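Visitor: Start from the sequences and build out the full structure, keeping to the hints where you can.
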Amino acid sequence: IRDDVESRGLGDVYKRQQTDSGDLAHLRKSQYSILFDDCAVMGDSIASGLSGYGYLPEDKVFCEVGGSVMKNDDKVAQAAAARPKTAFFSFGMNDLGMYSGNTSMFIEKYTSLIDSFMKDSPETAIYVNSISKPSDEKISSGGYFYKWEEYNEAIKDMCKSLNIEYIDNTSILYLSLIHISEPTRLDV
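So that you can map any letter, position 138 of the sequence shown is 138 in the numbering used here, and since no number is skipped, the others follow by simple counting.
Worth flagging that the hints you see were computed from the coordinates, not collected in a lab.
None of the hints are false.
List time: in silico SDA-like cross-link candidates among lysine to any residue, alpha-carbon distance up to 20 Å: (1) 71 <-> 115; (2) 119 <-> 82; (3) 85 <-> 115; (4) 75 <-> 98; (5) 156 <-> 105; (6) 29 <-> 45; (7) 85 <-> 119; (8) 109 <-> 70; (9) 29 <-> 53.
Since the model is a prediction, treat every value here as computed from it, not as a measurement.
Guide: Printed below as a string of structure tokens:
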């Protein structure tokens with residue numbers, strides 16, 4: 001992705017984001033549509049926030065509330081038909097419950113979904129996001145949310161077997177939450 005950022009002439013923006021604590025939220029938001037110009041994002045309501053909050057145009061985001069590998073074949077087919085240069089998959093939070101904690105069934109369907117995408121858009125580079133850590137309240141409320149780490153290990157193994165990239169974004173989201181809750185603390 002860094003090479004792509006450089007090729008789009010946004011290297012200085014990227015470097016500044018790494019070091020500057022100024023008006024980055026506005027800067028990043030205004031640059032997302034350029035950085036992700038030839039990309040598609042597929043996933044659940046968490047990923048749909050990219051268009052909902054104005055970071056990406058709706059025609060780049062193929063997501064829905066309640067999205068799951070179990071029921072998003074149509075959205076994935078639409079994304080593949082766009083033949084993007086890069087695709088990001090971000091499923092799993094809803095699947096924790098839908099598959100009753102059965103990682104094997106989940107991975108079988110996720111693999112099938114990605115295989116279908118790759119068949120329809122073979123030149124696309126694929127990145128698969130980890131599942132975000134559910135809140136402590138969600139984990140303790142019952143269900144299968146406590147298995148999020150096990151699912152992430154299965155996703156990582158799937159990516160390795162498919163020779164595609166796995167993005168562990170759990171620390172990114174965690175650090176963002178700390179930054180939001182403690183805006184004056186930059187040493188986290």
